[in-house]
Structures are given as structure tokens and as C-alpha cells.
Amino acid sequence: MIPQNDIVDFEYQEPPSKTWFLDHKSKRIISHIDGKNAVVQAAYCAIQTQRYEHIIFSWQYGSELHTLIGKDEAYVFSEAKRMIKEALSVDTRITEVRDFAFENGVISFVIDTIFGSEQLTMGVGTV
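First residue of the sequence shown? That's 4 in this note's numbering, and the numbers climb one at a time after it.
In short, the hints are calculated from the structure, not lab data. In this text the structure is predicted, and so the values were computed from the model without any measurement. One should not assume that every hint holds.
Capping the alpha-carbon separation at 35 Å, the derived lysine-lysine pairs in DSBU-like fashion look like this [stated by the list, open to error]: (1) K74 with K30; (2) K39 with K88; (3) K74 with K39; (4) K88 with K74; (5) K30 with K84; (6) K28 with K39; (7) K88 with K21; (8) K21 with K84.
Using C-beta positions, here's what the derived DEER-type ranges look like [said to hold, decoys possible]: (9) D115 with D12: 25 to 33 Å; (10) D102 with Q7: 49 to 57 Å; (11) D102 with T22: 19 to 27 Å; (12) D102 with I5: 52 to 60 Å; (13) V113 with N8: 43 to 51 Å; (14) N107 with R31: 24 to 32 Å; (15) R85 with S29: 32 to 40 Å; (16) I32 with H57: 31 to 39 Å.
Every residue, glycine too, gets a C-beta built ideally from N, C-alpha and C.
The whole structure should be built from the sequences, with the hints applied where relevant.
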């Protein structure tokens with residue numbers, strides 16, 4: 004006897020992005036965040052984590068921005084742009100990284116996410 008199965012029709016739903024909120028000022032975990040705020044926090048964490056440094060993360064996670072400290076400003080801007088795009092390309096919730104600006108060691112850019120857009124600003128020397 005061959006089992007008869009009905010084909011199940013289903014819709015794919017994106018898993019929730021709920022995560023812990025990391026308060027960098029008090030260095031504490033405060034509460035939960037979801038949506039765009041969770042993606043922005045994930046972007047900051049991915050950029051500020053040194054790639055290949057922690058065995059808990061895959062080799063795809065993190066950035067190599069720390070290698071740019073002390074380099075020529077024009078080189079830093081072009082490489083930081085590439086490294087940030089590469090670090091954030093792993094997250095499927097981030098659709099695009101654009102509008103880079105670099106001034107006095109501070110880089111700003113816009114990330115487009117499935118929840119909306121957000122501008123991020125960070126010092127390249129502080130990563």
C-alpha cells in the first residue's frame with residue numbers, strides 16, 4: 004500500500020528579528036528590540052567585530068576595518084567602503100549599503116533594510 008499525501012500549500016514568513024538590546028553606554032543588556040532597530044544593532048555589531056578573531060563566529064561574520072588604522076585617508080575610505088559592504092552582505096535583512104561619506108576618520112552611510120532605511124555613523128579608528 005502506497006501512502007497518499009496531500010500537497011501542503013504554505014507561505015514563507017521571515018523569522019522574527021527580535022533580539023537583546025545592547026546598551027553600549029551602560030555596557031548592559033537592557034531589554035528586547037525588533038525590526039529595524041534590531042537590524043541596525045546587528046550591523047553595528049558585525050562591523051565592530053574583528054573578522055577571524057573569535058572562534059564563536061563564522062569566518063563570514065565581522066569586518067577587517069582594524070587593519071586600516073594608520074593608513075592613508077584615500078585608501079582608508081575606499082577600503083572601508085568595501086569592507087563595510089562585505090561585512091553587511093551576510094545579513095539577508097540588509098538589502099543595500101549606500102551613500103558613503105568620509106571625513107576626519109568618521110564614515111557615514113545608509114543601510115536599506117527590509118524594515119526601512121537608516122543612516123549609520125562611526126569612527127573608523129574606533130572599530
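Do the hints match the structure? See the list:
1. K74 with K30: holds (30 Å)
2. K39 with K88: holds (18 Å)
3. K74 with K39: Holds: K74 and K39 sit about 33 Å apart, inside 35 Å.
4. K88 with K74: Between K88 and K74 the Cα gap is close to 19 Å, so the pair holds against 35 Å.
5. K30 with K84: holds (28 Å)
6. K28 with K39: Given that 35 Å is the threshold and the Cα spacing comes to 20 Å, the pair holds.
7. K88 with K21: It holds: about 23 Å lies between the C-alpha atoms, which stays within 35 Å.
8. K21 with K84: holds (28 Å)
9. D115 with D12: 25 to 33 Å: holds (31 Å)
10. D102 with Q7: 49 to 57 Å: holds (56 Å)
11. D102 with T22: 19 to 27 Å: holds (26 Å)
12. D102 with I5: 52 to 60 Å: Distance hint for D102, I5 holds at roughly 58 Å.
13. V113 with N8: 43 to 51 Å: holds (47 Å)
14. N107 with R31: 24 to 32 Å: holds (30 Å)
15. R85 with S29: 32 to 40 Å: holds (33 Å)
16. I32 with H57: 31 to 39 Å: Violated: the Cβ-Cβ distance is about 18 Å, outside 31 to 39 Å.
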